[in-house]
Amino acid sequence: MKKLFFASFALIAAPLAAQNQDLGQPVPEGGEVETIEEGEGLSVNVSFEGNLDDLGIAIPGFATDANVPTPANQNGTAALGKELARVITADLKNNGLFKPTGPDALPQPGFGEITAPNFGTWSNRGAEMLVHGYVRGRSDGKLTVGCYLYDMALQSQLVREGWVVPAADWRRAAHKCADLIYSRLSGESPFFDSRIAYIAETGPKDNRSKRLAIMDSDGANHRFITTGRSTALTPRYSPDYRQLLYLSYVDGNPRIYVYDIGTGKQTLVVQNTDPTFAPRWSPDGRHVLYSMAVGGNTDIYRVSARGGRSERLTDTPGIDIGGSYSPDGRQIVFESDRSGSQQIYIMNADGSNQRRLSFFGGRAATPEWSPRGDQVAFTHIAGNFRIAVMSPAGRNLRYLTNSWQDEAPTWAPNGRIIQYFRTERGSGRTSLWQVDLTGENERRLPTPVDASDPAWGPILP
Amino acid sequence: MNTRFAAIMLLAGTASLAACQKKAPEELPPPPMDNTDTTPVTPIATGPGVGSQQHFTDAVGMSNTVIYFDTDRFNVDSEDAAKLQRQAQYFAQYPDVMFTVEGHCDERGTRDYNLALGERRANAAKNYLTSLGIPASRIRTLSYGKERPVALGSDEGSWAQNRRAATVTIN
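Residue numbers (numbering that gives the first Met the number 0), protein chains in the order written: chain E, 0 to 460; chain S, 0 to 170.
Since the hints were made in silico from the structure, they are not lab data.
In this text the structure is predicted, and so the values were computed from the model without any measurement.
Ideal placement from N, C-alpha and C gives every residue a C-beta, glycine not left out.
Just so you know, nobody snuck in bad clues.
Here are a few chain S residues that face chain E, going by a calculated C-beta distance under 7 Å:
| id | residue |
| --- | --- |
| 1 | Thr109 |
| 2 | Asp111 |
| 3 | Tyr112 |
| 4 | Leu114 |
| 5 | Ala115 |
| 6 | Glu118 |
| 7 | Arg119 |
| 8 | Asn122 |
| 9 | Glu146 |
| 10 | Pro148 |
| 11 | Leu151 |
| 12 | Ser153 |
Same shape as in the complex, but just chain E (with noise of 0.2 Å):
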């Protein structure tokens, strides 16, 4: 009888009740935005030339033209355009850009004047850049949402972008304007306008709860997508954000599913009976990377994300693991312990032309290859766990953070923020924090309860 229950056990892969046990209800897919003005004034310099830190924006409510009820707000499209510009002034108080003054502080414009602001009105308030705004409710339950840069000294209009958004996405909105005004003024990418997948952890160390959750880049539209019945691990965004890669031990076994946004459905990523870890997608979204222990002994695999054969990447004798792919999608970095400890390796796409990028003393684990392709980030393990940044050649070792135990670097849409988790000595309570690629700016991210494994996904599409 034993026999028989063990056989059945090691042949049959999980059957779809049991897959799908540990999965709360389905978290809706987001809504399109739809883009409406294309940016203007972009021959235009901005006027100010000091340090961008030092950067003062005003950013009063949006106007409405008339305040209609809506579902982003219980008190109508004026008390919105508020909201709007509270969420832009915190995204770029709380990632340490420039010197935002929020609508709470300021007074609040009129509908007429988004187009032609009142620069006497503005003028004393030392802000080198104004931001103005607008929100509508349209007829169909959607609203379009203006967002307009103005340069004060030279009192004209930097650029300027529209978006329909369904109500739920009003968020979006807001991000979208925090992108522009950022992208404007620094020079960067865009990174707000993007979500966060993590673990969400409770209990105590020894029966730590292991959620998969997701969150809007501010924190915002916190949803949890296991119930916590069974241990769920290291999460991965698809570029196109409909569906999650991570491990879970649900049968009993850890193994890598992807979790479909929409309907809630999550399907074996390789149906087999070995242990699966460290999902990971490639850039265009057709590929999935894992690693597979056989007999003990962990390789990096890639198969197909529509699923069929898997290709064997690495076959050392030591634990190959992780990956994570250049933007181009021609090389890998990942982890070996091929020399006698965990060190960072770099091979082409096809598994061809292996060799070690680490060479720094210690350990050095998680390589995750920036979105810009110009670093890698990874966790050095010297003593302490620290995030740290290399060039894709293992040059310039740079050290991002100092703690006890930092680990697992997940880069901004932008290649210019690293987020992380941190564990805490004793208690083993994690959270998740960021830092700025020049070492700047590290602070927790609120989350509702403990977090790990965080993965930032690309901007929005």
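On the provided structure of chain E, position chain S as indicated by the hints.
The following block gives chain S in isolation, referenced to the frame of chain E:
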């Protein structure tokens, strides 16, 4: 009532016997596998059933159900070998019992690597057991990485207790 009491006394005797055996010098050769006289466990209706974790623990001794590893290592040393030999005796005596070897790591490692390392440790124990004649088909391996510590401190003593492979019977 009297029989139950007798059963408990008998089991207690077995446990202390196993404990004595654990303290034997490492140089001693392992007891022969086929000599079932060295494991005088008498199944009794009122005691834990054959193949239950309690039955296994009572038979081999709690300390013999778990082996420990050095940092980042997965080799089976002589102390581990003695424990695994004791386990192998039990599984040879009860050939219908299936079991899992759970591999674990301490908290001072990164998440993915520890999952792979736990799997490697579980397999090291499994391979040693199969070398003693226990069929691989009876042994399941399961890595928990650093997810299931038994010692909760952040110190070398706690980490040493968490770097382990624990044998658990499947009921």
